[in-house]
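A.B. asks: Take a look at the letters that make up each chain.
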Amino acid sequence: MSTELDAARAATLLDDAPLKDATLFRFATAGSVDDGKSTLVGRLLHDSKAILADQLDAVARTSADRGFGGSAGGIDLALLTDGLRAEREQGITIDVAYRYFATDRRSFILADCPGHVQYTKNTVTGASTADAVIVLIDARKGVLEQTRRHLSVLQLLRVAHVIVAVNKIDLVEFSESVFREIEADVQQVGRELGLGSDGIADLLVIPVSALDGDNVVDRSDRTPWYEGPALLETLESLPAADELESHLESFRFPVQLVIRPQGALAPDAIAGGLDVEAYRDYRAYAGQITEGSVKLGDKVTVLTPGQGPRTTTVTGIDFAGAELTEAVAPQSVAIRLADEFDVARGDTIAAAGTIRESSADLYAALCWLSPKPLREGAKVLVKHGTRTVQALVRNVSGKLDLATFKLEGASSLELNDIGHAQLRLAAPLPLENYLHHRRTGAFLVIDPIDGNTLAAGLVNDHPGDHEDERYSI
Amino acid sequence: MSTQITNEDLELSVLESDTPVPATRLSSLDTLESEAIHIIREVVAEFEKPALLFSGGKDSVVMLHLATKAFWPGKVPFPVLHVDTGHNFPEVIDFRDRTVERLGLKLVVGSVQEFIDRGELAERADGTRNPLQTIPLLDAIQSNKFDAVFGGGRRDEDKARAKERILSLRDEFGQWDPRNQRPELWNLYNGRHTVGQHVRAFPISNWTELDVWRYIERENIELPGLYYAHEREVFARDGMWRAVGEVSQPLDTEKVITKTVRYRTVGDMSCTGAVESDAATVRDVVIEVAASTITERGATRADDRISEAAMEDRKKDGYF
Numbered sequence: 006m007s008t009e010l011d012a013a014r015a016a017t018l019l020d021d022a023p024l025k026d027a028t029l030f031r032f033a034t035a036g037s038v039d040d041g042k043s044t045l046v047g048r049l050l051h052d053s054k055a056i057l058a059d060q061l062d063a064v065a066r067t068s069a070d071r072g073f074g075g076s077a078g079g080i081d082l083a084l085l086t087d088g089l090r091a092e093r094e095q096g097i098t099i100d101v102a103y104r105y106f107a108t109d110r111r112s113f114i115l116a117d118c119p120g121h122v123q124y125t126k127n128t129v130t131g132a133s134t135a136d137a138v139i140v141l142i143d144a145r146k147g148v149l150e151q152t153r154r155h156l157s158v159l160q161l162l163r164v165a166h167v168i169v170a171v172n173k174i175d176l177v178e179f180s181e182s183v184f185r186e187i188e189a190d191v192q193q194v195g196r197e198l199g200l201g202s203d204g205i206a207d208l209l210v211i212p213v214s215a216l217d218g219d220n221v222v223d224r225s226d227r228t229p230w231y232e233g234p235a236l237l238e239t240l241e242s243l244p245a246a247d248e249l250e251s252h253l254e255s256f257r258f259p260v261q262l263v264i265r266p267q268g269a270l271a272p273d274a275i276a277g278g279l280d281v282e283a284y285r286d287y288r289a290y291a292g293q294i295t296e297g298s299v300k301l302g303d304k305v306t307v308l309t310p311g312q313g314p315r316t317t318t319v320t321g322i323d324f325a326g327a328e329l330t331e332a333v334a335p336q337s338v339a340i341r342l343a344d345e346f347d348v349a350r351g352d353t354i355a356a357a358g359t360i361r362e363s364s365a366d367l368y369a370a371l372c373w374l375s376p377k378p379l380r381e382g383a384k385v386l387v388k389h390g391t392r393t394v395q396a397l398v399r400n401v402s403g404k405l406d407l408a409t410f411k412l413e414g415a416s417s418l419e420l421n422d423i424g425h426a427q428l429r430l431a432a433p434l435p436l437e438n439y440l441h442h443r444r445t446g447a448f449l450v451i452d453p454i455d456g457n458t459l460a461a462g463l464v465n466d467h468p469g470d471h472e473d474e475r476y477s478i
Numbered sequence: 004m005s006t007q008i009t010n011e012d013l014e015l016s017v018l019e020s021d022t023p024v025p026a027t028r029l030s031s032l033d034t035l036e037s038e039a040i041h042i043i044r045e046v047v048a049e050f051e052k053p054a055l056l057f058s059g060g061k062d063s064v065v066m067l068h069l070a071t072k073a074f075w076p077g078k079v080p081f082p083v084l085h086v087d088t089g090h091n092f093p094e095v096i097d098f099r100d101r102t103v104e105r106l107g108l109k110l111v112v113g114s115v116q117e118f119i120d121r122g123e124l125a126e127r128a129d130g131t132r133n134p135l136q137t138i139p140l141l142d143a144i145q146s147n148k149f150d151a152v153f154g155g156g157r158r159d160e161d162k163a164r165a166k167e168r169i170l171s172l173r174d175e176f177g178q179w180d181p182r183n184q185r186p187e188l189w190n191l192y193n194g195r196h197t198v199g200q201h202v203r204a205f206p207i208s209n210w211t212e213l214d215v216w217r218y219i220e221r222e223n224i225e226l227p228g229l230y231y232a233h234e235r236e237v238f239a240r241d242g243m244w245r246a247v248g249e250v251s252q253p254l255d256t257e258k259v260i261t262k263t264v265r266y267r268t269v270g271d272m273s274c275t276g277a278v279e280s281d282a283a284t285v286r287d288v289v290i291e292v293a294a295s296t297i298t299e300r301g302a303t304r305a306d307d308r309i310s311e312a313a314m315e316d317r318k319k320d321g322y323f
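Protein chains in written order, with my numbering: chain A, 6 to 478; chain B, 4 to 323.
Hints are computed from structural coordinates only; laboratory data are not their basis. A hint or two may mislead.
Going by beta-carbon spacing under 7 Å, a handful of chain A positions derived as facing chain B [claimed, not checked]:
| # | residue |
| --- | --- |
| 1 | Y105 |
| 2 | S133 |
| 3 | V263 |
| 4 | I264 |
| 5 | L279 |
| 6 | V281 |
| 7 | Q336 |
| 8 | A447 |
Below, computed lysine to aspartate or glutamate pairings styled on EDC-like, alpha-carbon distance capped at 16 Å [what the hints assert, rightly or not]:
| # | chain 1 | residue 1 | chain 2 | residue 2 |
| --- | --- | --- | --- | --- |
| 9 | A | K146 | A | D39 |
| 10 | B | K78 | B | E104 |
| 11 | A | K384 | A | E413 |
| 12 | B | K78 | A | E331 |
| 13 | B | K78 | A | D190 |
| 14 | A | K377 | A | D422 |
| 15 | A | K146 | A | D190 |
| 16 | B | K72 | A | E328 |
| 17 | B | K78 | A | D286 |
| 18 | B | K72 | A | D190 |
| 19 | A | K411 | A | D422 |
| 20 | B | K162 | B | D174 |
| 21 | B | K262 | B | D281 |
| 22 | A | K300 | A | E331 |
| 23 | B | K109 | A | D39 |
| 24 | B | K72 | A | D323 |
Keep in mind it's a predicted model, so treat the numbers as computed, not measured. Beta carbons are placed, not taken as given, at the ideal position from N, Cα and C, and that holds for glycine.
Model the full structure from these sequences, guided by the hints.
C.D. replies: Here is the structure:
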């Protein structure tokens, strides 16, 4: 590959619309032991030319040292995703690792989640920020109990796109009937879970060979019966979750802090011609839009937990000196309001009439991520949006059998359990159902003693509430 | 998330990729910028005394630029911290001082030289001072009672960094424990820590080297001149070009020549190498980086070549 050619190609990409307008897409991988996940990730990085020459050299040397004789020029692609020395020595993966690569159309962030140990913890972590998750299945084994568990977790976290890669299709002689059978099983599990049928997520099934590259980056000649796109094409064309949520009418803006410089205006802004007099009484609320969009003149509700809702109008949307007329999720901006309310960190600005009152009763699904089990009566901290409050665990009402997706009786939750619980909060929070509000329906449970994160929480409706009910205020 | 997408629909959308991008779709740079600003604001809201590591290197310059945008029209509400190895490029120190002055910031300097002079650190046999920065860094954090320290670390730089959280807890000795990290969920960052512990915050974790350069170009951000092609007296060592300077003298066997070079990272003169390059403008550099086939650390940092796990070891000991 000549450098001049690369430079010419780079210049074209940079100047044409594609790279300039390339969007960001986050995805994660989940799989069982030995289903070839590391090889698939290595293949995606290798074939999309995300692996640079020196990294490839290092991996080639290690492959040769270990006598690896597979394809891709004798390079063990799985080594590309091997992380820390501790992991290489023990041949294990400790934790979620992040990888970066880009095509002409998109920049990708890949959360590579180990499948064998603590799969719930790692899958929940990786899936919480993912626009899509790839679940691997070995074509020789089909849908396993672990596959059902992975799909359950992804359904619960309402990941926008679930892609099942039926790997090692080369080892079943590229058999259409084997693929169709697995595909039908996957769709059956999807239906049981409500994946791909409730309009929340979609479920796609693709036959691949990570080892040989079939249907990973390019469509394969060896699966003529498969008419869908290759894995990378799929990742390039799916809408990101933020993009889907920027169209929602339920604008949400948790206030991070108040920008009120008074005397302390930035010297570089003043040097740049900022009108000091005009900004003497500047006051704006800084935050990141979690869903929907906001326009100048929009009517909004300010929700301060523990106080009645207040309605006002948006008079300014500022971003570093630029006055915007509109902003969308996930933009970070500063919003000015018509009325001089006392608004502070922890308050939420929302489209008027679309948000419930705050509540101190929290019903939730908890993904327990700590070796320290959850017991009824425990005192914990709940971090929701930009607010952290104390909470008491009133009861644990059961835990999910992820393989059958049935709720079984339980009074405590252990590491990697997912269960339902009711908490009483020391101060009310603007809780929203996770099913409809991925950002404002999520929270952390934190250990007040050592500060560690104990659980990922997903807000459920109060029992008796109708699922779609909105309290207009 | 309204409509269900099937494989057949996708097929169509792939073919019809010429449809215009809707105005509501943010570019990847806008999304990364927004994420970084959110993180910077969270740390400022939740910590008592944050500081930003500022070396004059491009990643820290981008971090400072993001901070000015996060709090506009207010001043950046925290000081900057520099660990001076005593072997820095003079033009970078000059750039650092001008930047601090321009933004009206407080600068805290931790000096490796002072530690060596007091006998609290010993010069290494290879003359490299990068690994010596850890103790002055921790000392500056403790004596100033900083509870959060922003860094410009990126996950694409290194295998160890690929596994580090955006908010990374350090114990009383500044150590990172990769096996015991808090899961990082959604955009909810848990920065709780006990007395003596502190948190390193990496708001541009998800940026790549190319993202950083494209952002520098888009935002018209000034950098020290040595990031761009210039003529310099250099000699070859460890497969890279080293600048001739007070602290980096060629051996008798190493021939000094004048070359057109630039730096991809700006660190300690004793271990940072230059690359041959004609990229004299930010646009040239963006094109060069986009076309590059060597990662930046592998090309220009001798200290990362010491062992395959060099960064992992230094991070565990409290390095950046």
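A.B. asks: Output the indices of the hints that this structure fails to meet, ascending.
C.D. replies: 3, 6, 11, 12, 13, 18, 20, 23
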